[in-house]
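Protein chains: 2
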Amino acid sequence: MRAAFLYGAGDVRVDHVAEPTILEPTDAVVRIVRACVCGSDLHRYHDLPASGTGRPMGHELIGVVEEVGRDVATVRKGDFVISPFAISDNTCAFCRDGFQTACVNVHFFGAGDVGGAQAEAVRIPLADGTLVKPGITLEDADEAMLASLLTLSDVFLTGHHAAHMAGVAPGRTVTVIGDGAVGLSAVLASKRLGAERIVLMGRHRARTDLGVEFGATDVVAERGAEGVAAVLELTGGEGSHVVIEAVGHMPAYEQAYGVVRPGGSISRVGVPQYELAPVGWGSLFGKNAILSGGPAPVRAYIEEVLPDVLEGRIDPGRVFDRTLPLDDVAEGYRLMDSREALKVMLTV
Amino acid sequence: MRAAFLYGAGDVRVDHVAEPTILEPTDAVVRIVRACVCGSDLHRYHDLPASGTGRPMGHELIGVVEEVGRDVATVRKGDFVISPFAISDNTCAFCRDGFQTACVNVHFFGAGDVGGAQAEAVRIPLADGTLVKPGITLEDADEAMLASLLTLSDVFLTGHHAAHMAGVAPGRTVTVIGDGAVGLSAVLASKRLGAERIVLMGRHRARTDLGVEFGATDVVAERGAEGVAAVLELTGGEGSHVVIEAVGHMPAYEQAYGVVRPGGSISRVGVPQYELAPVGWGSLFGKNAILSGGPAPVRAYIEEVLPDVLEGRIDPGRVFDRTLPLDDVAEGYRLMDSREALKVMLTV
Chain Z
1 MRAAFLYGAG DVRVDHVAEP TILEPTDAVV RIVRACVCGS DLHRYHDLPA SGTGRPMGHE
61 LIGVVEEVGR DVATVRKGDF VISPFAISDN TCAFCRDGFQ TACVNVHFFG AGDVGGAQAE
121 AVRIPLADGT LVKPGITLED ADEAMLASLL TLSDVFLTGH HAAHMAGVAP GRTVTVIGDG
181 AVGLSAVLAS KRLGAERIVL MGRHRARTDL GVEFGATDVV AERGAEGVAA VLELTGGEGS
241 HVVIEAVGHM PAYEQAYGVV RPGGSISRVG VPQYELAPVG WGSLFGKNAI LSGGPAPVRA
301 YIEEVLPDVL EGRIDPGRVF DRTLPLDDVA EGYRLMDSRE ALKVMLTV
Chain X
1001 MRAAFLYGAG DVRVDHVAEP TILEPTDAVV RIVRACVCGS DLHRYHDLPA SGTGRPMGHE
1061 LIGVVEEVGR DVATVRKGDF VISPFAISDN TCAFCRDGFQ TACVNVHFFG AGDVGGAQAE
1121 AVRIPLADGT LVKPGITLED ADEAMLASLL TLSDVFLTGH HAAHMAGVAP GRTVTVIGDG
1181 AVGLSAVLAS KRLGAERIVL MGRHRARTDL GVEFGATDVV AERGAEGVAA VLELTGGEGS
1241 HVVIEAVGHM PAYEQAYGVV RPGGSISRVG VPQYELAPVG WGSLFGKNAI LSGGPAPVRA
1301 YIEEVLPDVL EGRIDPGRVF DRTLPLDDVA EGYRLMDSRE ALKVMLTV
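The listed protein sequences correspond, in order, to chains Z and X.
The letter at position 14 of the first sequence is residue 14 when you use my numbering, and the numbering goes up by one with no holes.
Plus 1000 on top of the position in the second sequence (first one is 1) and you've got my numbering.
No wet-lab data here; the hints were simulated from the structure.
Please note that a few of the clues may not be correct.
[Claimed, not checked] Derived coverage of chain Z by chain X (criterion: at least 3 residues anywhere in the stretch with Cβ under 8 Å from a Cβ of chain X; other residues may be distant):
(1) 88-100
(2) 269-280
(3) 289-300
Ideal placement from N, C-alpha and C gives every residue a C-beta, glycine not left out.
Generate coordinates for the entire structure from the input sequences, incorporating the hints supplied.
Pasting the structure below:
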């Protein structure tokens, strides 16, 4: 089968490799219908040292079960499924808490003996804990529905996780920093959770326009101190109850504590590209600001959000503005890296 | 009247100064009955440069109203009152959110034209917003009750704030780092909020013994990696739902993220003596750990906690292990600094 591998910065190739097979009785093999490129894939696309061994890429997918191990009970051959980007048993203490990304048996795509999801098929360990049947057949899903279901594998529910962790609720003012696919998903998730006002900080007009369609009530293009001043002015000097930081770089973190209201919440879902950050009196402590966020336990949220997708109340798949065949995955990376595309879907 | 001033590191003196008077129609003057020395006073006691001008000290007090401005409606001459350590209007947006330490009109003792509370009397601006009548007369309160009421000015409710912000609730495991008066208060507050298991990290036996009486189920004397390993072992490898960091130094912060459970909460109430701290994948983000805490909005909690104090269900005043007259306040600082005393109450 064909699968995408990264051989070094900027060097994505589609190779022919062996089909995945059942290795454990709890495995499933899923034939992939749609996959995509994630903003987090671009970190490696920038900095992976060149190597003769390719790294399997991709961790977002919807597909059809092709084969299951003898202990798999909840899915069978032919089922249309969504796979969260983190593979979990969904039974351990952390899974029961709703933090499946910390599952004691967690697996990630492209690591160990699990392949990447930018491929024709992939082995999914712990299939019962991981895969979710959306309650619709592949045949009944149109292109827009496929795109929206694919976002439940990661990007929309990453935005939802940020909003959920920060306590977005009716009456709240939310500021979203970053107009990438995760930031726009956070806007839509905040709207869905009833936020009264949603300020989107971003400067790419096509993206912030989609943010407005998703529910942003205000757009702030300024950054740094000017951006902070603009949000404070919009909020009557009080700041934002919730700030969702969907970038991952220090200037975005600094904006976050600049605009958060005393007693408010900052939630981060851009993987932080820093380890040390201000947390003392002048940033978080003096304001009693709360800092949350981390890798989204997508598995915890799928059932709650699915009805809104299936019944058309939200259309998170609109973050995909390009669709390419798997063979053109390298072009997909290039388009996202150059910001020509917001998020690229792959047909397989 | 007499009042305590700090003239430089280690140099506390009692001076004779003018009695406070009403300056604004919203002021009260309160004659102080009991005051105390706070762990945070010791920071200045360590590092204040010597000066010919003394700095007024103290911010915790109970007392009797001596005079009120013409606009004060809720207290009058003769009322027995508790004063939170932060003076607030209790009407602004942040006060209504329950974050009176961020009041737009906040005042602090010993700053501007407000004196310190280690004194015979003090002017309290915004008396209606700040002072709380405990529903008991001075004459009806015995020594133990006075001590417990005094803790509602700061120390017990600072422990409560940490527990509240981190979501302590029945069934939760809480780890408290630090066996000072705030740490022990956090143990008692966690017990009051229904924590199932409370691990106290501290190595001063007399203090951890009081912690056990307050509700600690386990005591861990080890620090650093050994301390983290001990707490993880006590929690079956899972870590603690809630970690209350009541020290304020980096090693305590590092212990906090070491022992917190994935998806758990770290709450800080030791004023951080650092600005930068680890918050990335290897500390908070990877675990989805939440970081909260800040100066306690004591005013928000007094009414809720008072009945438990008045009816004897909790006795937070036990953190005071020495009582000295105001004239001996310098000895009080010395005893706390040398750790001979846990917390010193002052009679006035």
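Hints versus structure:
{"no.": "1", "hint": "88-100", "verdict": "holds (count 5)"}
{"no.": "2", "hint": "269-280", "verdict": "holds (count 9)"}
{"no.": "3", "hint": "289-300", "verdict": "holds (count 8)"}
Hint check: no violations occur; every hint is consistent with the structure.
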